[in-house]
Amino acid sequence: MALLSIRNLTVEFATASGSFRAVDGVDVAVEAGDILAIVGESGSGKSVSMLALMGLLPWTATVTADEMSFDGQDLRKLAPRTRRRIIGKDIAMIFQEPMSSLNPCFTVGFQIKEGLKKHMGLDARAREARALDLMEMVGIPDPARRLNAYPHQLSGGMSQRVMIAMAIACRPRLLIADEPTTALDVTIQAQIIDLLTELQAETGMALILITHDMGVVAETARRVSVQYAGQKVEEQPVGPLFATPHHPYTSALLAALPERATTRLLPTIPGVVPGQFDRPGGCLFAPRCAFADDLCRTTPPPVQAPDLGLARCHHPLEGRA
Amino acid sequence: MTAEPDAQGAAPDRQGRLAEFWYYFRENRGAVIGLYVFAVFVFVALFAPLLAPYDPTEQFRQSTLLPPAWAEGGSWAFPLGTDPLGRDMLSRLIHGARFSFFVGIVVVVVAASGGILLGLIAGFAPKWLDTLIMRLMDVILAFPSLLLALVLVAILGPSLTNAMIAIALVLQPHYVRLTRASVLSERTRDYVVAARVAGAKLPRLMFVTVLPNCLAPIIVQAALSFSTAILDAAALGFLGMGAQPPTPEWGTMLAEAREFILRAWWVVTFPGVAILVTVLAINLMGDGLRDALDPKLKRS
Amino acid sequence: MSDPVVRAEGLSRFYEVGGGLFGKPREIRALSEVSFAIPRGKTLAVVGESGCGKSTLARVVTMIESPSAGRFSIDGVEITPDRWDAHRDAVQIVFQDPYGSLNPRQRISAILSEPLKINRPDMTRAEREAKVREVMGLVGLRPEFYGRYPHMFSGGQRQRIAVARALMLEPKVLVLDEPVSALDLSVQSQILNLLLDLQDRLGLTYLFISHDLSVVRHVCDEVMVMYLGRAVETGTKDAVFGQPRHPYTRALLSATPVADPARRKERIKLTGELPSPLNIPPGCAFAARCWKAEARCRAERPELEGDGHKVACFFPEGG
Chain H
1 MALLSIRNLT VEFATASGSF RAVDGVDVAV EAGDILAIVG ESGSGKSVSM
51 LALMGLLPWT ATVTADEMSF DGQDLRKLAP RTRRRIIGKD IAMIFQEPMS
101 SLNPCFTVGF QIKEGLKKHM GLDARAREAR ALDLMEMVGI PDPARRLNAY
151 PHQLSGGMSQ RVMIAMAIAC RPRLLIADEP TTALDVTIQA QIIDLLTELQ
201 AETGMALILI THDMGVVAET ARRVSVQYAG QKVEEQPVGP LFATPHHPYT
251 SALLAALPER ATTRLLPTIP GVVPGQFDRP GGCLFAPRCA FADDLCRTTP
301 PPVQAPDLGL ARCHHPLEGR A
Chain R
1 MTAEPDAQGA APDRQGRLAE FWYYFRENRG AVIGLYVFAV FVFVALFAPL
51 LAPYDPTEQF RQSTLLPPAW AEGGSWAFPL GTDPLGRDML SRLIHGARFS
101 FFVGIVVVVV AASGGILLGL IAGFAPKWLD TLIMRLMDVI LAFPSLLLAL
151 VLVAILGPSL TNAMIAIALV LQPHYVRLTR ASVLSERTRD YVVAARVAGA
201 KLPRLMFVTV LPNCLAPIIV QAALSFSTAI LDAAALGFLG MGAQPPTPEW
251 GTMLAEAREF ILRAWWVVTF PGVAILVTVL AINLMGDGLR DALDPKLKRS
Chain W
1 MSDPVVRAEG LSRFYEVGGG LFGKPREIRA LSEVSFAIPR GKTLAVVGES
51 GCGKSTLARV VTMIESPSAG RFSIDGVEIT PDRWDAHRDA VQIVFQDPYG
101 SLNPRQRISA ILSEPLKINR PDMTRAEREA KVREVMGLVG LRPEFYGRYP
151 HMFSGGQRQR IAVARALMLE PKVLVLDEPV SALDLSVQSQ ILNLLLDLQD
201 RLGLTYLFIS HDLSVVRHVC DEVMVMYLGR AVETGTKDAV FGQPRHPYTR
251 ALLSATPVAD PARRKERIKL TGELPSPLNI PPGCAFAARC WKAEARCRAE
301 RPELEGDGHK VACFFPEGG
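Chains as they are written, first to last, in this note's numbering: chain H, 1 to 321; chain R, 1 to 300; chain W, 1 to 319.
Accuracy of the hints is not assured; some may be wrong.
Said to hold, decoys possible - Some chain H residues close to chain W (C-beta under 7 angstroms, calculated; not the full set):
#1 Leu3
#2 Gly157
#3 Pro258
#4 Glu259
#5 Leu266
#6 Phe291
What the hints assert, rightly or not - With a cut-off of at most 25 angstroms between alpha-carbon atoms, the simulated PhoX-like pairs for lysine-lysine come out as follows:
#7 Lys201/R - Lys117/W
#8 Lys117/W - Lys131/W
#9 Lys24/W - Lys237/W
#10 Lys201/R - Lys42/W
#11 Lys131/W - Lys201/R
#12 Lys24/W - Lys127/R
#13 Lys292/W - Lys269/W
#14 Lys118/H - Lys89/H
#15 Lys131/W - Lys172/W
#16 Lys172/W - Lys237/W
#17 Lys117/W - Lys172/W
#18 Lys89/H - Lys77/H
No lab work stands behind these hints: they were computed from the structure. For every residue, glycine included, the Cβ atom is placed at its ideal position computed from N, Cα and C.
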């Protein structure tokens, strides 16, 4: 049985100009020890779906799902209290902006120990020891001194390491990393990605990596789920996804990578992601798709078989020409 | 957190900012009520001579200190009663709205324009000038505002005009601080740098590029200081340092009626209630304005 | 090779920070002795991580800040602060964040005609409008966008507007400060194509600042790698990417993720982070993180040497 299983997740926001569907029928399934990357551009709902799982969305959001279970427990039916016991302990999350994710008023050590106190019920001495362990695990030099440092005394890379330490403090079984390296420099990004994969291998936790960087996906993930305009359009193991994308969007996205370019001008995807007011009736990608026909423009596409990458497409690409 | 829902919100065919403004404003029920009350207040102020049954200074010697119409001994000729000199309370209150409105407008315009100008200069000026302006404002803020206004009026001589000048001066530092703070945060934005790369000179940067982007908090402040101005003017009037009798200014009316407070409750109650309702309405409206204009407090 | 359009020699920019009432202000060397030349119609990419001085370089070249030392010239004319106004139209800039770089209270028409209003005072209103519409067509903005506000546009379209604004004065040089880093992948390729197309059509010279090596590799002709305010390696694209000689360049290249899961490469692991620009070590700035550093590296600063492909290192890779 999957560790995390979400079926048909939909999130709607009430906005000034009517309701807006940010996530539309998304399925997520993660086994223990898996690394799933959720890829998409801004507005694809990739962060929102995970925030919905964590219960971190503002009150304007309405979340519905056919199933939302973690380790066999139905998260939708749990009381907020029990739910909170799982979230933060068994499911942890790290965010894009390490600098603003830490509370500037408290020392790093205090913030790490806070979670330990709440979820693990350790005494003061055990907390101190565990915090030191954690700081060492995430590769912070001179951990004893850094425990007493305030967030502003740390660099971006160090702050992200602290965030990771906090996230893995209670030995979570699922870690969700939301663009963990986007705000960091390339050499620091490499360090953090390596750290995350090492920790994952060591602890055997599952990792969901939300990102827009195809390079990070290729080097880190085992399975990739591609989202577009709130829908999951394709899901494949990482190798086949990069080799033979089945959804035209995935294919076009990969072709647009500068490092894959063969000509001076890059292949582009015309147009923009549909917004709140111009959602097409049929396939959401149809207006930008090179292969779209009348069927695509009028009828929402079915989800194809797993050997076609679960592509949400009328005319999935069979293989690379 | 990500800004994904926001990024989506910037879709093309939005009915414009006014609609969005109204959406957020409408959420705050108190603000909407405040707006209606304020609208009535403005209407009364504008059309006072048409609405008032009598001239505010006309004395009906045979009917002094008449109680309101519904009380014992009252008469529908004077719905809210008359004051010790036999003047119609209702007419005086209606005309008083005019003065309050006038005071509010003038004070806000004077304080805001002076404050915005000084704030812009402080925000763009070299450090020494910035420090000079801000310390000067700190000095003004260090005085209890009404006391400072009193001193100013005492120097200038008691009249409604001087009271307005004094109140404007006292309120000005708030605008300076507010403007400077937003200028400092806007000044480093890329669009300002872009204007500089395009060759924009200081005055253009100040007034065309930066100022329009600082207006939202200033508008809120203007609404709130409108009520402060009315309140302060009434207080100065009550202390005999503002509008002089027989001007039907609400504060002055209170002052005149002080000695009848036990015998004739209506001569003090109605001007007091008028001040209370107006100030409350404007403050409620100001809160709503802030909700609608200040994106930091906007609920997503 | 034709005469370079932009030539910089020993450009430096220092800032004083702190101090306050008491205490000595300290000096930050944001940019130290940077020299380069860009031939007409070519692209020089400046690569480096945050704090390497690339944004300061952009501010100096776009005449927002005067250099503390060094000279730079455009088209053979030396630019000094008193000549800034006359040469405003030679260099324009496109910023990283299309949400912050457009004035939210101005219509597209006002944003685009502002450079003309300031620098071409004798143009009539009608001439300005004609010019604005012409440039809008050039960058692929639809004519009906003329009277709209920036908030009605997506990131990619805003970046087109920003490019249009930079083109209004028909500059010779465009400074592109991370022009596609804030954009989504599908939009990024549109903007890159637009920039390449404009370069071909208008003969523009680009100073392309970026941290994304795959983008840099695609657009540039020459590369300058910067570390803590100094150039550590310069050369043609093929030379720098093909045979990186500075250890930092190698580390940077190996740290950049490649979108190819089949290629498992050995990554050079850099330990530590950038030293504070307030406290730059006396020798090679990279010595503290370098796996080849020896005593000499910590004591003495290597100069940028070589012909064509220059490197500032005592022990460069590959001979």
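| Interface hint status, Leu3/H versus chain W (Cβ within 7 angstroms) | Check failed: Cβ of Leu3/H comes no nearer than 23 angstroms to chain W, outside 7 angstroms.
| said: For Lys24/W and Lys237/W, compute the direct alpha-carbon distance and say whether it is at most 25 angstroms. | reply: Status violated; Cα separation ~43 angstroms.
| said: So if I understand the rule, the pair passes when the alpha-carbon distance is 25 angstroms or less; does Lys89/H with Lys77/H pass? | reply: holds, 18 angstroms
| query | If you draw a straight line from the CA of Lys118/H to the CA of Lys89/H, is it 25 angstroms or shorter? | reply | With Cα atoms ~9 angstroms apart, Lys118/H and Lys89/H stay inside 25 angstroms; holds.
| field | Hinted pair Lys131/W and Lys201/R, Cα distance within 25 angstroms | value | Judged against 25 angstroms, a Cα distance of about 22 angstroms means the pair holds.
| Do the alpha carbons of Lys117/W and Lys131/W lie within 25 angstroms of each other, as the hint requires? | holds, 12 angstroms
| query | Are the Cα positions of Lys24/W and Lys127/R separated by 25 angstroms at most? | reply | At roughly 17 angstroms apart (the allowed maximum being 25 angstroms), Lys127/R and Lys24/W satisfy the hint.
| field | Interface restraint verdict for Glu259/H against chain W (beta-carbon cut-off 7 angstroms) | value | holds, 4 angstroms
| said: Between the alpha carbons of Lys131/W and Lys172/W, is the straight-line distance 25 angstroms or under? | reply: Holds: Lys131/W and Lys172/W sit about 17 angstroms apart, inside 25 angstroms.
| Hint check, Phe291/H versus chain W [nearest Cβ-Cβ separation less than 7 angstroms] | violated, 16 angstroms
| Interface hint outcome for Gly157/H [beta carbon to chain W under 7 angstroms] | Constraint on Gly157/H satisfied, holds at 6 angstroms.
| said: Check whether the Cα positions of Lys117/W and Lys172/W lie no farther apart than 25 angstroms. | reply: The given pair, whose Cα atoms are some 19 angstroms apart, holds under the 25 angstroms limit.
Of the hints listed earlier, those the structure fails to meet are numbers 1, 6, 9 and 10, in rising order.
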